[in-house]
Amino acid sequence: MVLFILAYLGGVLTILSPCILPVLPFVFARTNLPFLRSGLPMLVGMAITFAAVGSLAAVGGGWAVQANEIGRAAALILLGFFGLTLLIPALADRLAQPFVAFGDRLSQAAASGRAGGASVVPSFVLGVATGLLWAPCAGPILGLVLTGAALNGANVGTSVLLIAYAAGAATSLAAALLLGNRVSAALKRSFGAGEWARRVLGVAVLAAVVAIGFGVDTQFLTRVSTASTARLEQGLIDRIQPKKVPAAGGSMAMAAPGATASGLPVEGTLPSLAGAVEWLNSPPLTAEGLHGKVVLVDFWTYSCINCLRSLPYIEAWAQKYKDQGLVVIGVHAPEFAFERDLGNVRRATRDLGVTYPVAIDNDYKIWRAFENEYWPAHYFIDAQGRIRYHHFGEGEYAESEAVIQQLLAEAGKSDVPSGTVQVKGDGALAAPDDADIASPETYIGYSRADNFASAGGEVGDKPHEYEAPGQLGPNQWGLAGSWTVTDEKADLDKASGRILFRFHARDLHLVLGPGSDGKPVRFRVTLDGQAPGADHGADTDADGAGTVTDQRLYQLVRQGHQVGDRTFAIEFLDPHVQAFAFTFG
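Take the sequence shown: its position 415, counted from the start at 1, is 415 in the working numbering, and no numbers get skipped.
Simulated from the structure, these hints should not be mistaken for lab results. Mixed in with the good hints there might be a few duds.
To be verified - Think about it this way: if two alpha-carbon atoms lie no more than 27 Å apart in a straight line, the pair counts; the simulated DSSO-like pairs of lysine-lysine are: (1) K293 to K322; (2) K462 to K424; (3) K494 to K519; (4) K413 to K462; (5) K293 to K320; (6) K462 to K293; (7) K462 to K320; (8) K322 to K462.
Predicted model, so just to flag it, every value in this text is computed and none were measured.
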């Protein structure tokens, strides 16, 4: 919300720049003329010109995003440049001079002869002149909004920021049209204050560039953005109905009935990959550039347990068949707001050992282009760019590898390796015990929570003191302590809060993250009231101790003996942890 207010105020303050002074008298002179033949054409001309200049800036921001790591540096350089233009008015004036001069000539022409009357064409020309003058004056602040958004990718929040900025600029112009000469006189008196405000903003921008460049920001921009748009994004997720195929339910192979590896049907063509906001491990890839290659597209998200258990196979295929022309692309489509954070995804990709190209699909554009509905989802594309097979969920890895071998053979590769890869995942990446999973994935946020057993139910969006349930039935869970439950998570307000779950599975995982301050949170796990001992997970020790340091999935229990109904409890020794969802294996 703070960013939106600042964007709106930035638009309002644009009118305080001296470079628009030449056109204001002609704008004020039209306040008493008919609106439809004078005011409206002028506003249309201004809007078209302003939109054109803004679009050029947006293209520049998009280029910065597509340039991956270099793009982040380029965006920071652009931010620093815009900060200097705010701090040094003479630099901004010099850069804007060609636009200002041309706009001044247009405004002079529109104000002479027939242009002085209430006719449509001269009024439109005056609007174009106003836009040419207004847009360069807006450049530093508008550029700041666009390049700042480019650091985190285009999203709903970026669009709202631009709308807020445009609304501020429109407010200034409306005041100028309504109040005429009185506003003109006030503006002349305000130019000094306006320049002072620009200089202060310039210093703040340069300080932010230094902070972001050295990593001091600790992902502040992303947190503010996702905090402001999380509900809207969750609504989008719910609307397009993505699903995770549960491990206990097996997998879903979607080839035509009776299809074999030698007779795979054509299910469609590889759609555009242009919707990615950034690429990891690779420059941007295109459907056209992949022609002649066999392609495997894997839709995943890094806190999804089903996706994680598929990764060892995807990585093994990428390495085994890369010399024969297989290209593996991981499309990272976030489920939770924190998975939109590019820093989180970069870290997870590195920690998980993913070496193949990863497209960051924060806006679900690639997801929708494939008409996908599942995590994980694997699409197999032949050398002609045709989708020949797809598989949803875990499992059936031998069948999927046979499809890869067949498509490579069809592409004319004679040295395709035979056999199947043998992989063994560690920690959360290990294969599940499908035969003994009786607990479903369970969300903690109130929008998708089931089987909550604490008295009174979940209280949304405000601190509440919860009491642990006296007794939990199968797959019931509860909270204890002071928590603030939102639509997708629960935030611990004070230390010593607990979460309890009566589960039946070999493995128990919990998606956790530190609070907005980023400080580590210590915890202790028990099973049936005792330390887990040998049944501890990859992220706990035998005493049940562990620490939440990043926003990710934590494996808390891995039972080594016969699986039965167990009561799990986790106590957080520090405040401000965030808990999202339980998964099992």
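Legend entry - Violations among the numbered hints: Per hint list: 2, 4, 6, 7 and 8 violated.
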